[in-house]
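S.K.: Each chain, written out:
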Amino acid sequence: MAINIPNLDSILAAHQALKNQKPLVQCITNSVSVNFMANVLLSAGASPAMVDNPEEAAEFVNFAQGLVINLGTPTSALVEAMQLAIQQASHLKKPWVLDPIAAGALSWRGQIAADFLSFKPTVIRGNASEIIGLAGLGANSRGFDSSNDPAHSVEAAKSLLDHASAVSASGEIDHIVAKTSHETGEKFWLAKIKGGSHFFPLVTASGCSLGALVAAYTSVTDPFNAVVSAHAHYAVAGKKAHLKTDAPGDFQREFINELYNVTADDFEQYLEFSVEELVAA
Amino acid sequence: MAINIPNLDSILAAHQALKNQKPLVQCITNSVSVNFMANVLLSAGASPAMVDNPEEAAEFVNFAQGLVINLGTPTSALVEAMQLAIQQASHLKKPWVLDPIAAGALSWRGQIAADFLSFKPTVIRGNASEIIGLAGLGANSRGFDSSNDPAHSVEAAKSLLDHASAVSASGEIDHIVAKTSHETGEKFWLAKIKGGSHFFPLVTASGCSLGALVAAYTSVTDPFNAVVSAHAHYAVAGKKAHLKTDAPGDFQREFINELYNVTADDFEQYLEFSVEELVAA
Amino acid sequence: MAINIPNLDSILAAHQALKNQKPLVQCITNSVSVNFMANVLLSAGASPAMVDNPEEAAEFVNFAQGLVINLGTPTSALVEAMQLAIQQASHLKKPWVLDPIAAGALSWRGQIAADFLSFKPTVIRGNASEIIGLAGLGANSRGFDSSNDPAHSVEAAKSLLDHASAVSASGEIDHIVAKTSHETGEKFWLAKIKGGSHFFPLVTASGCSLGALVAAYTSVTDPFNAVVSAHAHYAVAGKKAHLKTDAPGDFQREFINELYNVTADDFEQYLEFSVEELVAA
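Chains as they are written, first to last, in full-length UniProt numbering: chain A, 1 to 281; chain B, 1 to 281; chain C, 1 to 281.
Hints were generated in silico from the structure; no laboratory data involved. Keep in mind that a hint or two might mislead.
A pair holds if it fits inside one copy or across any two, identical chains being indistinguishable in the list.
[Unchecked claim] Computed list of lysine-lysine pairs in DSSO-like fashion (alpha-carbon distance at most 30 Å, straight line):
| id | residue 1 | residue 2 |
| --- | --- | --- |
| 1 | K244 | K120 |
| 2 | K239 | K93 |
| 3 | K120 | K158 |
| 4 | K192 | K22 |
| 5 | K244 | K93 |
| 6 | K179 | K93 |
| 7 | K192 | K244 |
| 8 | K179 | K244 |
| 9 | K158 | K179 |
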């Protein structure tokens, strides 16, 4: 799908399309996230399917509208299922999202993630240090510093656009990069979305589940708008939930409520979003 | 156990027996459901045990009062554990429940489910399309149409009574079929229970956990009454929870509360239940 | 670390150290507990990491400050990961906690637990019957009776001090034993902490997650104080949560809130704690 520059209208249109189409999202993910991720997708308006064994993973891609591959707790069987699903998604030109948890820190999954990159994920989503770590795995590793601030991962994210159509580093302010192609060459873009709550890092699998929501959105809009819309949906629901709570147990419950409840008005009222051209230094 | 026609009194008696006996239910289930299922059983009054490896599954059947086999996210090791547990349950004549998630849609698990059918589950529980899909796997497949309305799955459910003592298709109105044997031949029965909330499909594993609750009830009453009582317990708790909530995060929490809180008075006030003889068309 | 006799001041100091240091705790645990355990650690102030495959388990121990090994739903791959992680923790002299779920009841995991004991866990945590069962697995089995009352497990717990620095049996009143070495020989100690709520047994994985919190505390204080502080943190949060709720769904949420919220004042107000010398009968 051709990449356009997202704005509030394109985000609202994607959100409405998600609600209408209820895309079926195949999740091959870690054991910590599997239940919360399914509930996030259901509340947000999508349909989850955790078909993650090597015997069925590729067959199910035929039915799925989106796919998320999350490296949180890989096992040899899970990795085999991932490989088969990715190959089938590539073959069918279906969108898929790579969430490279800790790929830069642990050697086995680092190899796996580097291999997966060659299959060209539609989107890569991680936190800042994961994006930096993943970029460092490539053949032309540039040795990025590790950091938790997404602003420090923009160069790493940009380098990953060799493999993916859009790359997101989430954090206090989510940073999302993509490029557009023009007759005069490529342009690089950076979208920023202010995250909704400091409680997110205290709810396990909230980042992983955002990756699944990105996969849901990739089935209804172009990759850049998909990543921005998923992060916007998350940030707005998170902000509304945060206003009602002051501890992580309540936040988790209210966040699920608000993923379900958010309206176009909420996006207009709560979303803090900007997009700018990234000019080479 | 001889099958009787359930009524409010038999449901209340089963609920009281569950609370008193706290049956130990072995769950070999999918990764999405494992935590929620355990909490559902605990709140409802049973004791869960997720012993699901091939090394211990059969040994644990010796201690368990009921067993649920759920095909949501099968792995080769999990399937081996299921086979061993089912064989031991058959050998010891302990009740077990088959939840054939997506068995009609995916070929590998379809084979597995067909194999499990030959071990005669006490109860089969699924949604309408799963019951239809499972019935279509048998040697004499009658090619039922796929549908989400349990009313359309009654013929499929009835055909599965060749293998199981009772079959349930859950949905907006749960449909449960069973047969009784008489000197003059067999009679077929259809029980209907109005489900408690449209939020159930937005809480992942709520259907799977109902299958586990059916397994709990099979240890305290006959199979038809067990299925009806478990669905009644669910529907009444769901209706009470629904009255207090308007979003899925809250519903999930209140449902766990109400599974624990429901009283005989609640069954009398909220249960919408009927049973009729099924006459061949 | 040398063992001291815990008191309110040492508990408060450990709690403050946990909040300041946010120790990274590697959890190799059962599938039921994995999500709740991560949220418990996050709310309490630690950082969870569920790195549990054989390819990475030992490598991650290099980064972890504490390790918990939980035998709830072992698989052959998980057990291999546990063995590798335990060996590396022993090699690096990093603290680790053994949670021997059902080790006395099932033969396969009984062998595994007995093998793990030889690697000298820093702490063993279980419920009373698990502590009794584990003690019965040793070469000099003394055939302890099974029981759910921690008071009946004190002799079993004491015998396990041959392998571990501190042993806890949790229940209505948690019983924790440890020994100190003096010029004149050894002294044995028994700490008791009144548990916070009768809803704990209705929230699956609440015991498992306590084991992970013990592992977190072992990285900031000596083993006896670590066990006592983790149990105290749990009991105080549980008591505060219990005051606000009357059903298990609400209790689970409030408990996560209170793990996050508890203050030094709360410990002073709610903790019911005693420690005494254990004199041989």
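S.K.: Against this structure, judge whether each hint is valid.
M.R.: To see whether the hints hold, each was checked on the structure:
In the homo-oligomer, the alpha carbons of K244 and K120 never lie at most 30 Å apart, since the shortest distance is 40 Å inside one protomer and 47 Å across protomers. Taking identical chains as interchangeable, the C-alpha atoms of K239 and K93 are never at most 30 Å apart, the minima being 35 Å within one chain and 43 Å between chains. In this homomeric assembly, K120 and K158 come within 30 Å of each other (Cα to Cα) only inside a single copy, at 14 Å, whereas the closest approach across copies is 48 Å. Taking the shortest Cα distances, K192 and K22 sit within 30 Å of each other both inside one copy (26 Å) and across copies (29 Å).
Taking CA atoms no more than 30 Å apart as the test, K244 paired with K93 passes in neither setting, with 42 Å inside one copy and 44 Å between copies. In this assembly of identical chains, K179 and K93 lie within 30 Å of each other by CA distance solely inside one copy; the values are 19 Å within and 49 Å between copies. In this assembly of identical chains, K192 and K244 lie within 30 Å of each other by CA distance solely inside one copy; the values are 25 Å within and 38 Å between copies. Taking the shortest Cα distances, K179 and K244 never come within 30 Å of each other, neither inside one copy (38 Å) nor across copies (47 Å).
In this assembly of identical chains, K158 and K179 lie within 30 Å of each other by CA distance solely inside one copy; the values are 9 Å within and 57 Å between copies.
Comparing the model with each numbered hint stated earlier shows that hints 1, 2, 5 and 8 do not hold.
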